[in-house]
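Protein chains in written order, with my numbering: chain Z, 1 to 361; chain X, 1 to 532.
Covered by chain X, per the in silico footprint, the following chain Z stretches (three or more residues, Cβ under 8 Å):
id, segment
1, 3-14
2, 67-78
3, 91-102
For the record, the hints were derived by calculation from the structure and aren't laboratory data.
No residue lacks a Cβ here, since even glycine has one placed at the ideal position from N, Cα and C.
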Amino acid sequence: MNNKLLNAIKENAKEIYEKILNFKKPSIKFPVRSLNNVRYDKKKGYFEILDKKKIRTLTVNTVKTFAQTLKMISLSKELIVSNDIATKREAYYVSKNWGDARFNEQPESDTVMDDIEAMFEVNREQLGFIPEEKGGDVAGRLIVIDKDPSTGKTLRIDCTKFGSGAYSIPISVEELEFETKAKFILVIETAGMFQRLVKHSYWDKANCILISMGGVPTRACRRFIRRLSDAKNLPVYVFVDGDPYGFSNIYRTLKVGSGNAAHINKYFCVPQAKLLGILPDDIINYKLPTHPLKDVDIKRAKDALKNDPFIKAHKEWQIAMEQLIKMGVRAEQQALAKHGLNYVIDNYLPEKLRHPEKFLP
Amino acid sequence: MSDIATQLGKKQREISISEFFEKNRHLLGFDNPKRALITSVKEAVDNSLDACEEANILPEIYVEIKNINNDEYQIIVEDNGPGIIKSEIPKIFGKLLYGSKFHTLKMSRGQQGLGISAAVMYSQLTTGKPTIIKSKIKNKNEGYYYELRINTQKNQPEIVKFEEIQWEKEQGIRIEMNLIGKYQKGRQSVDEYIELTSIANPHLKIIYKLMDEEPRIFERLTNELPKQTKEIKPHPYGVEFGKFINMLKMSKANSLKKFLKSEFSRISDKVATEIIIKSGIKENKNYKNFSLEEIEKVYKAMQEVKILAPSAECIAPIGEEILIKGLKNVIEPEFITSITRPPAVYRGNPFQIEAAIAYGKEKENIENNGVELNDDNEDDKTLVKVLRVANRVPLIYQQSSCAITKTILSINWKSYGLQQNPGALPTAPAVFLVHIASVWVPYTSEAKEAIAHYPEIIKEIKLALQECGRRLAMFLKRKKREEEYNKKRMYIEKYIPVVVEALKEILEFPDKKVSELTNNLTKVLERSKINE
Chain Z
1 MNNKLLNAIK ENAKEIYEKI LNFKKPSIKF PVRSLNNVRY DKKKGYFEIL DKKKIRTLTV
61 NTVKTFAQTL KMISLSKELI VSNDIATKRE AYYVSKNWGD ARFNEQPESD TVMDDIEAMF
121 EVNREQLGFI PEEKGGDVAG RLIVIDKDPS TGKTLRIDCT KFGSGAYSIP ISVEELEFET
181 KAKFILVIET AGMFQRLVKH SYWDKANCIL ISMGGVPTRA CRRFIRRLSD AKNLPVYVFV
241 DGDPYGFSNI YRTLKVGSGN AAHINKYFCV PQAKLLGILP DDIINYKLPT HPLKDVDIKR
301 AKDALKNDPF IKAHKEWQIA MEQLIKMGVR AEQQALAKHG LNYVIDNYLP EKLRHPEKFL
361 P
Chain X
1 MSDIATQLGK KQREISISEF FEKNRHLLGF DNPKRALITS VKEAVDNSLD ACEEANILPE
61 IYVEIKNINN DEYQIIVEDN GPGIIKSEIP KIFGKLLYGS KFHTLKMSRG QQGLGISAAV
121 MYSQLTTGKP TIIKSKIKNK NEGYYYELRI NTQKNQPEIV KFEEIQWEKE QGIRIEMNLI
181 GKYQKGRQSV DEYIELTSIA NPHLKIIYKL MDEEPRIFER LTNELPKQTK EIKPHPYGVE
241 FGKFINMLKM SKANSLKKFL KSEFSRISDK VATEIIIKSG IKENKNYKNF SLEEIEKVYK
301 AMQEVKILAP SAECIAPIGE EILIKGLKNV IEPEFITSIT RPPAVYRGNP FQIEAAIAYG
361 KEKENIENNG VELNDDNEDD KTLVKVLRVA NRVPLIYQQS SCAITKTILS INWKSYGLQQ
421 NPGALPTAPA VFLVHIASVW VPYTSEAKEA IAHYPEIIKE IKLALQECGR RLAMFLKRKK
481 REEEYNKKRM YIEKYIPVVV EALKEILEFP DKKVSELTNN LTKVLERSKI NE
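Bound-form chain X, shown alone (with noise of 0.2 Å):
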């Protein structure tokens, strides 16, 4: 998006980041009231969870949606975590494209501080209030509350209030909102997405108050945190060659092989070595002065010699055990399972697939509440519902656009055993569930909303969802078999005793006999059910 924004401004006159995304909010999820409230409490809501998680903090979120007037809305949004230093906040809360993420190659929701200053922005776009942080910092006597501003034109943040305040909260930052949106129970929804979150982070305590509403809580499933998970180097095989010219310009490494060690991942000296042998050029040529061919032979090089996949450290999988355990929070199976798989790479960004397949009816309060987790097809209730989520972090909309949903249509559910129409998804009272975790999660948008179509990632989603359909399918010809077995069995258990009172009648036998044929007319028959 920046470089859009700025062969814009190149080609007329300087206009700020900010300026832009004024104009094309919808890129940031804030198209329409409805999607402008999910988005806002979500971009605050996964802050928190990011923060919470980077200071090794169990979080515990309240969220609360009130009603002010017609289609005014104001968001609350209070956790504990470790909160933020004071110089800190305006830029964070007002000051568009800041943050610690972009530049790092380290698994998280938020990637490139964009998120909560656009919701910021969007609250100031359509009620002209500013936006209200309240931070308190462990073993700090105060806090601080500031009322911020977007300057659009500058993209810097404009303090319209500050003072340090008693908080009696030990750690932990609120923001408070307002914004034109609109709220709207069932499918997308608020609820659905603090009910999805919760699913997905197990860990998570959250207490969702809506309006008049009683709060709501959900209680974490496990005391664990997810894995920490470290920043890595670009691995080598998912590197483009433009990228890799770039990166040779602007390396400080001395030398070739320092260059290559320091700046990816999995490049031990041996393996440099390799690399260079096989390039066919002199170990000792400065590499600042390469041709492009000898870049594109030290590049081709890279990508032959064999070299581990990524760490996985840098990637944090929900784990299969509390995945099952967060669904069955939502739903009732009779059957579940799920999978993660081993870490793979796309364009160098390792990335981890988890999916999970639970089969059964949906818990009472769910429907009561109306969260639909299905995004196509409403009036088929019966199609299986898919559950997307990306680092933790639940998508909601653009659900036929994502790799996820391409991936499950591409699948022949019916060799699992599933009823699937043409080009539909899979018919069953089930929920199929993906997470992809990365370093980097390549969404199709800025909103976040639907993963982009890369081969690798649509592979990996493939084979774990595969694995799941296997033992579903198994699971279901178990279910199938055990019920015609019952089914015969009542039907032979009603008619047996028929027969038996028949011959009885004819031949005037003792009741002794009856038992005794009884039981051996089932046996036979129920052998004769084995044999056809």
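Chain Z on its own, in the form it takes in the complex (with noise of 0.2 Å):
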């Protein structure tokens, strides 16, 4: 049991209930959760949350909010007290209990959750709250060592022999631990692209450990790349269609973490991660079909070298923008079908990893 949370709890509140004992206002304070209340610092290569704070004054306005936020933090004290865990989604039917301050929609109580998280300074799984999206696919040369749920035996889970399937990340990654011979992680944005080099066994014939992240890395798989390249040391290459989405959304989530959760992105970043592709450069040099940016990408990356601390801080990485932004095209993964399917198992990847000084940071 967390005592240190559970004391952390229960003083908020009892100052809560003191305020209101003397006719007071209550009051509940959060740390802004977005970009422009972050510092990027490359040493320690995570975004870390500033000391913005927004305070919920308990007024006629705020009290079903209010309410709710209580609610949310009486629930987490359950689960943490009873040894259980929540689902988002279990957590907003939970709330249906709670009469007139029940959640209409999950954002809602999503949003709750993640104010609660932050104005402890924990993330959601220590409170009890376990996200509902799988952390992602991992085929190659690792051993997982878990525990049976039931039994508490170890297993020892062989990445290899999935077949034509893949190895699923759970939500908790802190227990487990890893044996590998690997020289690389290849971190891939598509599911698409991860099926290929399955399929052709690419981790075989390149002697690494393949991860899809299908879109936005959730915590638990940042978690778990992280986890696997600090314990065996091991360089994180990642592979995402090169465009601004791919580049400031996805590669930097896995590198540095979110505004939304910044204090979290201590645990859940991978500072060691570098972009191997698709890189503007390579739109050039391998002639990759493209399509026109939308104006909701050109927004995107002019967006990020205005406001994203993290390509703020990289030289390179406002050349790269602005060279996308310049050509007005992106260029998506599987562009590289044209040449062949298996040309990026045969030609594109073995080409870019003999140069991985290439690579962006």
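Two chains, two frames, a set of hints: combine them into the complex.
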């Protein structure tokens, strides 16, 4: 049981309780969760939260959210005490029992949950809340050491033995241990590209571990890659679509975390990650078929240049983003199929891996 | 109208007034069958009310409408008034422009002696049937029975039948006339007219029998008759120059001073002297020989000298309290207010404006009987309903051309807390009533449906409505504040227990603390409501 967190919860409630008894308006403080309240330090390698706070004072207008926040904290306390967990969806359904204070849609309860997480500066798993989505898929030269949930017996999961399938990263990865002789980890944006590499046992050819993120990586996925990389001292190479979303959302979140959960980025980031492709240069060098950048892509790229502390900290990234805007096009991972379906395995990846110094930070 | 008629007669050949109106019956409110039916009822009821009030009798009027066949209807109106003497009956009902009221300045419903005889004529024109009049005077054994027609060439009554009859009634008049008409429920119906008459005349008991339906009884709300009004002379401030010249020429007074004192109201010996001094004309000069300039000097001086407002003796307003009582009979307002303005003058005629605003839903029975008090915009039921009353007579038609409507439209009701689209009546579940009482109500036409746009009248209507509006605004503001308070109170009451429950779950404090915490939190939030 996490006594420290439990005490923090009780202290917080006590303060509210005493204010009310003294006819004072209680309030709750939360760190502001956005990109403009983070700092990026290259040496630390992740987004750190700054100290901008928002204060929610109990008034007529805030009484509903206030009630919901306290109920959510109460639910968390119950989960911690009983050593149980609730998914975000389940927590949303628990609220249906709160009368008028119930949530109407899950995004409302997710927001309150994120607030509480930030308030106590822990990750939601510590509060007993777990996400719904799965963490990502793994294939290759890796043995994951886990425990059987019912017997507690040690399990050795060989990630080479999933055939055309893959090992699925669990929601909580903190207790896992690893054995591997692989040389690097290749993290892939799309499930389609992952499938192709698995089907042709690329991990065998390149002696690596393949991990599919399926879009923006979940916390569990980020934490898994981080722990694996730290434990086995493996480089992490990332392979995403060549567009602003792939760069500033998917890759950046994996590497340094997000503005929204900045209080936990310390654990949920992979500062050692490097971007293998698809780089703007690749589009030219490999004569990739492209699509024009949409307005939202351009806006995203410009926003990143202007507001993203990570992009702002790396000259290479500014050059790459500006280059992409100038070219006005984007290229997907699958665009390599123009040169043949297995061109990516036979030519692109081997060629790229010969020059890791050309990867973007 | 008589002027037009005379001119026409001179230009062509002699035509009678009856003939003229026969061709221009729309001027009198007989332009279509639906309206003819209402107008006929209205003329008879107006006469009955005038007669009762003059005789100091609490009126009880019976109105019946029978459908004879297809579009032929019979109207019966019977009152408990003083009755009419034998010799007058044919002239009152069978001769146009015959009446006692045209030449007097006294507040009454009828003004010109035109209405009821016009109805008789309409009946005759459309059905060919004579009108039946029964009359009985108090303490007489026999009553009179007449069947009358109008000779439209000569504007003279024709007696079809006369007899003395036995009538068990103590006194009163009964009129029966057949006419081509159209009965329709809803707005601008006979029902609506009766309804409004009952509001405007709370001392009236009216029994209304419509065809096969059960009679509806509108009980009287007060046993107090309207104040008896007196005849008055014109007030100096309102007389136009032309009229002044005429009065001067016609006067039989033997000096200017006596002329002023005898022909006008509110001119005392002192005031008359003041006028004469101000005019600079020698007092002893024979005013009959005055030049036009001299007359003008007197006229101007008369306008400049300070003279008391005309006596309100000649006007009987409904009264603030009774107006409210009458309205409450029709609607169940959340809020109601009324105001009776002090008397004012237009063209030398004293008048008095009353207004009432009632806010709230109408009573069920009104809805069911389809009485729509609104004239315009049937689509939007939430528009304010305008009730227009002149000398206690409801005005049914021509709402949009009436000075009352014009005045309502000229006020920005948004500043009184009501919704209002540009150029439209405000939208609210409310009734606006305006009553104009005057010795001479200026109508836009002989049909007496719309008040003419005199600035003095509009100003008074505006002041009355604005005062009611201010009171309404205060009520609406209070209501809104209360609603907001209740809403907030309900809102915080929903969530406070949840806050307390959550705290209890986390801190596991004893049950006895729950109520203390709940009370304290409620107080904190209520206070925060005021501060924010």
